[in-house]
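Visitor: Chain by chain, the residues run as shown.
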Amino acid sequence: GQEFRFGPCQVKGVMLRELQEAFWAVKDTVQAQDNITSVRLLQQEVLQNVSDAESCYLIYAMLKFYLNTVFKNYHNRTVEFRIMKSSSSLANNFIVIMSQLQPSQEDEMLSISESAHRRFLLFRGAFRQLDIEAALIKAFGELDILLAWMEKFYQ
Amino acid sequence: AHIAEDNSDLLQHVKFQSSNFENILTWDSRLEDTSGMVYSIEYKMYGEAEWLAKEGCQRITQKSCDLTAETGNYMEFYYARVIAVSAGGRSATKMTDRFNPIRHTTIKPPEVTCIPKVRSIQMIVHPTPTPIHARDGHRLTLEDIYDLSYCLELHVNDTYQMHLGGKQREYEFFSLTPDTEFLGTITMDAHQLSKQSAPYVCRVKTLPDRTWT
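Sequence order for the protein chains is A and B. Each residue of the first sequence is one higher than the one before, starting from 1 at the first, in my numbering. Each residue of the second sequence is one higher than the one before, starting from 1 at the first, in my numbering.
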């Protein structure tokens with residue numbers, strides 16, 4: 001069946017279409033809360049021209065951040081906006097993906113993992129520049145950008 | 001204390017209407033009489049600080065503006081906004097939702113040639129051009145942008161339909177009765193984005209069988 005291939009990291013058992021549809025169902029509700037149109041967390045410098053080798057490191061860092069920071073702290077908003085079902089579906093699928101990612105820790109991969117880390121720091125830096133509430137809303141609202149990037153690694 | 005004027009009646013339903021990547025900004029007003037009302041349009045890519053004025057849509061009176069050229073990167077995310085000013089000087093500004101062409105555009109019916117023969121009907125689906133140009137200047141078709149497949153259905157009678165489908169563009173329904181009318185419907189499916197076009201419909205009659213006359 002279909003799977004993600006982030007460079008050497010393979011992820012099975014996750015239907016990208018399910019993730020996309022979970023987000024599309026709530027996209028307008030979530031994005032309407034984000035009125036800072038002049039700031040984009042997932043800028044082009046974060047996701048453009050990511051090599052296969054980098055991709056495993058980057059997706060691991062991104063999903064870890066989304067699970068530990070965004071979904072965790074955005075929870076009461078999901079209740080308020082009645083988007084629990086979508087949010088849970090996304091979070092659960094992210095957990096499944098993360099559980100199968102094993103980015104290599106070998107020395108020769110150091111420069112590649114550092115390059116991926118710099119990209120992640122760009123994203124997290126932009127996140128930290130905003131008020132936490134605004135940052136959470138914006139990060140959640142940008143999941144379509146993250147999913148569109150993940151689609152490139154879906155086969 | 002300054003009480004903000006509520007001018008929300010001047011502007012509503014500010015949104016992109018997009019089909020085959022032709023992206024038109026539309027809006028309307030709750031006022032019955034909008035004479036003397038003028039509208040100015042601005043747009044930008046999500047994440048950009050500056051709003052850009054759309055040339056040709058400044059102080060216009062109609063309630064639509066073509067932003068196809070300005071939203072030509074179909075993978076990107078855009079915003080547009082309308083600034084309305086009434087004859088009496090009241091004004092209001094309203095913004096669209098975040099617009100992502102590849103996801104939001106609807107797909108029009110395909111262009112199809114239906115060719116009747118004596119005992120079969122051939123159907124040829126033509127590439128669908130879009131207003132989007134590639135870097136080398138050539139115009140992209142929907143087939144360049146989406147992973148499209150085609151679904152063809154031939155209504156033989158009220159209870160029996162024939163089905164064909166796939167990614168190629170030429171199909172033929174065989175074993176049909178000569179000199180009989182059939183109804184064909186053809187749709188395009190962008191599977192990965194859960195998008196499907198409206199159907200193209202053709203009504204054709206197979207040719208009479210003159211072999212023994």
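Just so you know, not all the hints are guaranteed correct.
Claimed, not checked - Below are the DSS-like pairs computed for lysine-lysine, each with C-alpha atoms no more than 25 Å apart in a straight line:
| no. | chain 1 | residue 1 | chain 2 | residue 2 |
| --- | --- | --- | --- | --- |
| 1 | B | Lys108 | B | Lys15 |
| 2 | B | Lys167 | A | Lys152 |
| 3 | B | Lys117 | B | Lys63 |
| 4 | B | Lys15 | B | Lys54 |
| 5 | B | Lys195 | B | Lys15 |
| 6 | A | Lys85 | B | Lys195 |
| 7 | B | Lys63 | B | Lys94 |
| 8 | A | Lys152 | B | Lys15 |
| 9 | B | Lys167 | B | Lys94 |
Claimed, not checked - Which bits of chain A does chain B cover? Going by a derived footprint, with three or more residues having C-beta under 8 Å, they are:
| no. | segment |
| --- | --- |
| 10 | 47 to 56 |
| 11 | 114 to 121 |
These aren't lab readings, by the way, just hints derived from the structure by calculation. Values in this document were obtained by computation on a predicted structure and should not be read as measured data. Beta carbons are placed, not taken as given, at the ideal position from N, Cα and C, and that holds for glycine.
Visitor: Decide, hint by hint, whether the structure agrees.
Guide: Hint check:
1. Of the supplied pair hints, the one linking Lys108 of chain B and Lys15 of chain B holds, its CA atoms being roughly 19 Å apart against a limit of 25 Å.
2. Restraint check for Lys167 of chain B and Lys152 of chain A: the C-alpha separation of about 21 Å stays at or below 25 Å, so the hint holds.
3. Distance hint between Lys117 of chain B and Lys63 of chain B is unfulfilled; the C-alpha atoms sit about 48 Å from each other, more than 25 Å.
4. Taking the CA atoms of Lys15 of chain B and Lys54 of chain B, the gap is about 15 Å. The hint holds against a cut of 25 Å.
5. Using a Cα cut-off of 25 Å, the hinted pair Lys195 of chain B and Lys15 of chain B holds, with the two alpha carbons roughly 20 Å apart.
6. For the given pair, Lys85 of chain A sits about 23 Å from Lys195 of chain B by alpha-carbon distance, which is consistent with the 25 Å threshold.
7. Pair hint Lys63 of chain B plus Lys94 of chain B holds up; C-alpha atoms about 13 Å apart against a cutoff of 25 Å.
8. For the suggested pair Lys152 of chain A and Lys15 of chain B, the alpha carbons sit about 29 Å apart, so the restraint of at most 25 Å is broken.
9. Note on Lys167 of chain B and Lys94 of chain B: the hinted pairing is violated, with a Cα-Cα distance of about 42 Å set against a maximum of 25 Å.
10. For the segment 47 to 56 of chain A, the stated coverage by chain B is not satisfied: 0 residues place a CB nearer than 8 Å to a CB of that chain, which falls below the threshold of 3.
11. Only residues whose C-beta sits within less than 8 Å of a C-beta in chain B count toward coverage, and the segment 114 to 121 of chain A has 0 of them, not enough to reach three; the restraint is violated.
Hint compliance for this structure: hints 3, 8, 9, 10 and 11 are broken, all remaining hints hold.
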